[in-house]
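Chemist: Just need the whole structure built from these sequences, with the hints factored in.
Respectively, the protein sequence lines represent chains A and D. According to my numbering, the residues represented by the first sequence are 5 to 739, in order. According to my numbering, the residues represented by the second sequence are 55 to 274, in order.
Honestly, the hints are just simulated from the structure, not real lab data. Every value quoted in this text rests on a predicted model; they were computed, and no experiment measured them. Take these hints with a grain of salt, some might be off.
[Said to hold, decoys possible] Think about it this way: if two alpha-carbon atoms lie no more than 25 Å apart in a straight line, the pair counts; the simulated DSS-like pairs of lysine-lysine are:
id: 1; chain 1: D; residue 1: Lys137; chain 2: A; residue 2: Lys81
id: 2; chain 1: D; residue 1: Lys165; chain 2: A; residue 2: Lys31
id: 3; chain 1: A; residue 1: Lys459; chain 2: A; residue 2: Lys401
id: 4; chain 1: D; residue 1: Lys137; chain 2: A; residue 2: Lys74
id: 5; chain 1: A; residue 1: Lys74; chain 2: D; residue 2: Lys274
id: 6; chain 1: D; residue 1: Lys236; chain 2: A; residue 2: Lys31
id: 7; chain 1: D; residue 1: Lys101; chain 2: A; residue 2: Lys31
id: 8; chain 1: A; residue 1: Lys31; chain 2: D; residue 2: Lys100
One letter stands for each residue in the lines below.
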Amino acid sequence: MKIDRRCFLSLGIGAVAGITLSPMPWKSTDDLSIWTQNWPWTPVPPDGAVTHVNSVCTLCPGGCGITVCKVDDRVIKIEGMEGHPVNEGGICALGLSGPQLLYSPTRIKSPLKKENGKWREISWDAAVSEVASQLSKLRTENNSHTLACIAGTDMGTVPALMKRFLTAFGSPNFIKQVSSEDSYALAMKQMQGGSGLPGFDFHNADYVVSFGCGILEGWGSPVRMLKDNSNWKNDRRKKTVQIDPRLSNTAAGADQWIAIKPGTESFLALGFANVILREFLYNPNFINYYSSGFDAWKETVLADFRPDQVAQVTGVDPEIIKSVGREFARSTKPIAICGRGEGSTPVSMAEASAIHALNALVGNINQKGGVWSVPKPDYVSWPEIQLDSTAASGLAKSRFDGAGTGQYPDATHLPNRVSDALMSSDNGIKALFIYGTNPCHSMHNTKAFQNALAKIPFKVSFSSYMDDTTEFADLVLPNHVWLERFEDVPATRSLEKPVIGLAKKVVEPLFNTMHTGDAVISIAKKMGGSIGAAFPWDNYEVCLKDTLGEQWYALEKNGYIETSDGSSEPWSQGFQTDTGKFQFPDAGYLMANQPLLIKGGEKEYPLTLIPIDSLRLSSGNTGSPPFMMKIVSNSILLNNDTVVEINPQTAQQLGLSDGASAQLTTPAGTIRVNVHYFEGIMPGVVAMAKGLGHSGYDAYLANKGDNYNQLITPVEDPASGFDIAWGARAKLVKA
Amino acid sequence: MGNADNKETAVDHSAESKPVVLFFIIGFAASLIFGWLIYPSLLYSKKEQPIDFNHALHMDLVDDGCRSCHYFREDGTFSGSPKLTECIDCHEEVQGESHDEAVFVEEYVSKNREVPWLIYAEQPDCVFFSHAAHVIMAEMDCVTCHGHIGESTSLRPYEENRLTGYSRDIWGKNIENMIFLKKNTWDKMKMDDCADCHMKETGRKTSVSTQKDGCFVCHK
Numbered sequence: 005m006k007i008d009r010r011c012f013l014s015l016g017i018g019a020v021a022g023i024t025l026s027p028m029p030w031k032s033t034d035d036l037s038i039w040t041q042n043w044p045w046t047p048v049p050p051d052g053a054v055t056h057v058n059s060v061c062t063l064c065p066g067g068c069g070i071t072v073c074k075v076d077d078r079v080i081k082i083e084g085m086e087g088h089p090v091n092e093g094g095i096c097a098l099g100l101s102g103p104q105l106l107y108s109p110t111r112i113k114s115p116l117k118k119e120n121g122k123w124r125e126i127s128w129d130a131a132v133s134e135v136a137s138q139l140s141k142l143r144t145e146n147n148s149h150t151l152a153c154i155a156g157t158d159m160g161t162v163p164a165l166m167k168r169f170l171t172a173f174g175s176p177n178f179i180k181q182v183s184s185e186d187s188y189a190l191a192m193k194q195m196q197g198g199s200g201l202p203g204f205d206f207h208n209a210d211y212v213v214s215f216g217c218g219i220l221e222g223w224g225s226p227v228r229m230l231k232d233n234s235n236w237k238n239d240r241r242k243k244t245v246q247i248d249p250r251l252s253n254t255a256a257g258a259d260q261w262i263a264i265k266p267g268t269e270s271f272l273a274l275g276f277a278n279v280i281l282r283e284f285l286y287n288p289n290f291i292n293y294y295s296s297g298f299d300a301w302k303e304t305v306l307a308d309f310r311p312d313q314v315a316q317v318t319g320v321d322p323e324i325i326k327s328v329g330r331e332f333a334r335s336t337k338p339i340a341i342c343g344r345g346e347g348s349t350p351v352s353m354a355e356a357s358a359i360h361a362l363n364a365l366v367g368n369i370n371q372k373g374g375v376w377s378v379p380k381p382d383y384v385s386w387p388e389i390q391l392d393s394t395a396a397s398g399l400a401k402s403r404f405d406g407a408g409t410g411q412y413p414d415a416t417h418l419p420n421r422v423s424d425a426l427m428s429s430d431n432g433i434k435a436l437f438i439y440g441t442n443p444c445h446s447m448h449n450t451k452a453f454q455n456a457l458a459k460i461p462f463k464v465s466f467s468s469y470m471d472d473t474t475e476f477a478d479l480v481l482p483n484h485v486w487l488e489r490f491e492d493v494p495a496t497r498s499l500e501k502p503v504i505g506l507a508k509k510v511v512e513p514l515f516n517t518m519h520t521g522d523a524v525i526s527i528a529k530k531m532g533g534s535i536g537a538a539f540p541w542d543n544y545e546v547c548l549k550d551t552l553g554e555q556w557y558a559l560e561k562n563g564y565i566e567t568s569d570g571s572s573e574p575w576s577q578g579f580q581t582d583t584g585k586f587q588f589p590d591a592g593y594l595m596a597n598q599p600l601l602i603k604g605g606e607k608e609y610p611l612t613l614i615p616i617d618s619l620r621l622s623s624g625n626t627g628s629p630p631f632m633m634k635i636v637s638n639s640i641l642l643n644n645d646t647v648v649e650i651n652p653q654t655a656q657q658l659g660l661s662d663g664a665s666a667q668l669t670t671p672a673g674t675i676r677v678n679v680h681y682f683e684g685i686m687p688g689v690v691a692m693a694k695g696l697g698h699s700g701y702d703a704y705l706a707n708k709g710d711n712y713n714q715l716i717t718p719v720e721d722p723a724s725g726f727d728i729a730w731g732a733r734a735k736l737v738k739a
Numbered sequence: 055m056g057n058a059d060n061k062e063t064a065v066d067h068s069a070e071s072k073p074v075v076l077f078f079i080i081g082f083a084a085s086l087i088f089g090w091l092i093y094p095s096l097l098y099s100k101k102e103q104p105i106d107f108n109h110a111l112h113m114d115l116v117d118d119g120c121r122s123c124h125y126f127r128e129d130g131t132f133s134g135s136p137k138l139t140e141c142i143d144c145h146e147e148v149q150g151e152s153h154d155e156a157v158f159v160e161e162y163v164s165k166n167r168e169v170p171w172l173i174y175a176e177q178p179d180c181v182f183f184s185h186a187a188h189v190i191m192a193e194m195d196c197v198t199c200h201g202h203i204g205e206s207t208s209l210r211p212y213e214e215n216r217l218t219g220y221s222r223d224i225w226g227k228n229i230e231n232m233i234f235l236k237k238n239t240w241d242k243m244k245m246d247d248c249a250d251c252h253m254k255e256t257g258r259k260t261s262v263s264t265q266k267d268g269c270f271v272c273h274k
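Modeler: This is how it looks when you write it as structure tokens:
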């Protein structure tokens with residue numbers, strides 16, 4: 005037998021024939037194709053019996069009730085709580101993305117101390133001791149008033165503990181972030197007395213005039229507004245009017261959109277008032293028997309805010325001013341609201357009081373379908389603090405932000421004055437607590453605030469994430485996230501029936517974090533003396549149960565309690581002003597009605613920049629989680645560039661084509677942008693989204709787009725001291 | 055002289071071709087054996103279940119058949135393989151004399167550790183399967199898809215495809231299932247098997263392209 009090449013060839017052919025007639029190649033192909041689709045990084049929720057825990061979402065001030073679905077210990081979904089008075093089973097994209105925030109790989113896992121520019125993990129004992137020793141030093145130097153706290157809110161037990169600590173320590177400088185709600189509350193205080201919060205009975209209102217409020221963009225309590233908006237749409241007897249310089253989602257969905265020159269809303273409000281006064285359409289009962297100062301106010305409004313005059317300033321047709329003014333007054337339950345977009349920037353006192361006066365003109369105050377002055381929840385009531393002499397002398401010093409003094413007698417919090425005060429004084433803040441807020445992203449003229457912050461030698465953040473502010477801190481005492489802690493959550497934003505929710509410990513804390521309530525109590529006890537004595541509770545849970553008292557059981561069972569039964573004082577007892585009546589603002593106030601804008605001449609800065617708020621992008625204290633970055637459209641962010649909306653007419657005048665790269669400059673700064681033609685924005689006005697331009701958080705959010713706030717220079721409202729900068733003068737040049 | 059030459063050539067020729075044919079046969083046979091016998095044993099890894107559970111024994115002791123341990127929860131989801139709490143009702147302590155039960159009580163019950171059962175019928179993550187739709191709505195029998203596991207006295211080994219990670223039950227226990235029709239409905243549970251039954255039982259041809267039931271029915 006001759007074995008040669010042909011044999012091996014035929015061996016090969018035989019093998020191929022055999023293999024082909026066996027399952028191997030066919031099964032391998034099938035298996036390989038399956039193998040290529042096995043992606044181990046695709047997360048799959050665990051299988052098993054689902055348990056539900058009711059809690060409250062704290063990611064924005066809305067206060068929605070949530071139902072958290074778990075399989076064993078793993079949170080797999082967050083849904084809105086059915087039947088909850090605020091959101092009735094609804095939920096927004098941020099609340100829904102909650103599990104990503106809970107399990108985020110960028111969570112701060114233990115206390116951190118900054119050494120040589122790098123973060124080092126330390127124990128809780130070390131962290132608490134460090135704070136106690138740094139603060140004790142301040143006391144021995146008689147500088148207890150140089151401790152300050154900037155917080156997101158002042159309601160609830162944890163902010164109350166912070167405030168209590170500062171008081172026992174000897175500092176008046178508890179500063180909370182303010183919004184348009186604070187503007188309206190201040191207007192109400194001046195016109196009605198008392199210190200209630202504005203609540204709006206939208207459910208029973210039948211005509212809503214919104215001065216730029218982002219009803220579908222996160223104003224008030226966002227999900228509640230979405231639900232009420234649906235109710236309005238479904239009822240043909242109800243009408244909504246949106247006053248907006250651009251065609252926002254709210255404007256697109258409203259019954260009537262009034263395009264207005266930005267910043268002139270207060271003029272339009274008084275234009276409506278003029279029509280109502282001229283044609284005697286106001287509520288005579290309320291005006292004649294329960295108001296004061298009406299005649300003087302009426303005289304000024306009739307003289308200086310005629311439709312043709314208002315048209316000049318606002319660009320709104322006088323006929324529209326008349327028709328809407330009349331419709332407003334003739335409706336059964338009309339409400340006017342203010343607070344541009346999300347409402348996070350305060351409005352001027354002139355604007356807030358003009359709009360509240362509109363509501364008063366039609367007598368829709370403190371009654372069904374109207375605007376309410378809602379008493380703040382007062383369940384946090386603790387024994388008086390025994391101050392020692394250091395504390396007493398510290399507390400006697402005036403507040404660092406100037407609130408309550410001199411020029412700003414009615415203001416209670418002025419966070420916008422902090423950076424100026426820091427830069428101008430040498431004996432400024434020496435220690436700062438930052439809780440529930442991200443000012444290094446949210447303050448206007450952000451760069452200036454960051455520079456001012458650098459002057460503070462000791463900064464402590466309680467954030468659970470390495471956000472833009474925490475990056476600058478010296479010490480981090482990370483809080484549990486909302487799903488890991490018990491806490492009372494007062495929900496008041498725009499609600500005429502506020503609700504107190506109970507956030508529950510849905511899962512055991514994942515990391516070595518500590519409830520900020522416990523952190524404050526620990527620091528106080530470590531410092532001892534009168535400070536320690538002011539915190540008689542063993543831990544935060546004891547404090548919470550103690551504070552809530554009998555209400556704890558109802559809260560634990562239902563997840564929330566409603567604090568008001570919807571009844572109110574009749575008008576004869578409802579106003580705590582000097583006259584006991586509703587006080588119309590004086591004429592001087594009205595004359596301060598200038599469409600305030602920051603420096604920058606019209607020649608150098610021919611355009612006006614305004615912000616865009618959206619429920620698809622978080623611009624509050626919580627940065628957008630990865631899920632939400634997936635729903636941001638190309639008209640907001642393109643690749644990593646902020647997109648700027650511009651009217652095609654204006655763009656063509658500037659020689660900018662759709663999609664072109666450009667440089668947007670304001671007196672405060674300059675950024676690179678992408679141009680987007682939009683017919684729905686006024687010529688001469690450009691808009692960009694808020695919520696981008698983070699340096700902190702994670703790869704999905706950091707360094708995408710730019711921060712709107714860094715382009716805005718604060719504008720101080722002379723009447724309140726709030727920063728009311730609703731925009732900036734700008735120029736847009738081809739890149 | 056010419057004849058002798060021809061004969062020689064013929065002999066040479068046949069002598070030459072024999073090894074070629076032989077090698078062909080060798081190659082053919084070897085690859086057939088490899089493809090049909092060796093390849094499957096290489097492809098599948100065999101894992102024993104952590105505890106050799108005796109279904110037949112337990113079926114005699116319970117009232118509701120399969121549903122005694124494999125049941126629907128209140129919200130309609132299917133419980134799957136029972137958790138430790140089901141077994142503890144009886145097996146807090148050793149009940150019988152088998153070695154496996156002793157191991158179960160010692161290693162799992164007393165340490166409160168769930169038994170890591172290997173699931174034969176587990177479909178890939180891309181598949182949405184609802185027991186409620188098949189058992190409650192279509193009133194199907196467990197045996198139709200799972201075979202006579204209730205009568206078994208031990209658990210057969212779990213064979214896992216090393217390439218795809220799926221159980222052998224999905225592709226088919228016998229490799230010839232690929233070519234021949236399967237004998238039992240539970241021999242194979244790939245997509246086409248589900249689709250065939252869907253076609254037979256519902257007659258739906260919702261998908262225009264495949265003329266079978268719509269893709270979205272199982273691939274959500």
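Chemist: So, for every hint listed, does it hold in this structure?
Modeler: Structure-based check of each hint:
no. : hint                : verdict
1   : D:Lys137 - A:Lys81  : holds, 23 Å
2   : D:Lys165 - A:Lys31  : violated, 42 Å
3   : A:Lys459 - A:Lys401 : holds, 21 Å
4   : D:Lys137 - A:Lys74  : holds, 17 Å
5   : A:Lys74 - D:Lys274  : holds, 21 Å
6   : D:Lys236 - A:Lys31  : holds, 16 Å
7   : D:Lys101 - A:Lys31  : holds, 21 Å
8   : A:Lys31 - D:Lys100  : holds, 18 Å
Taken one by one, the earlier hints fail for this structure only at number 2.
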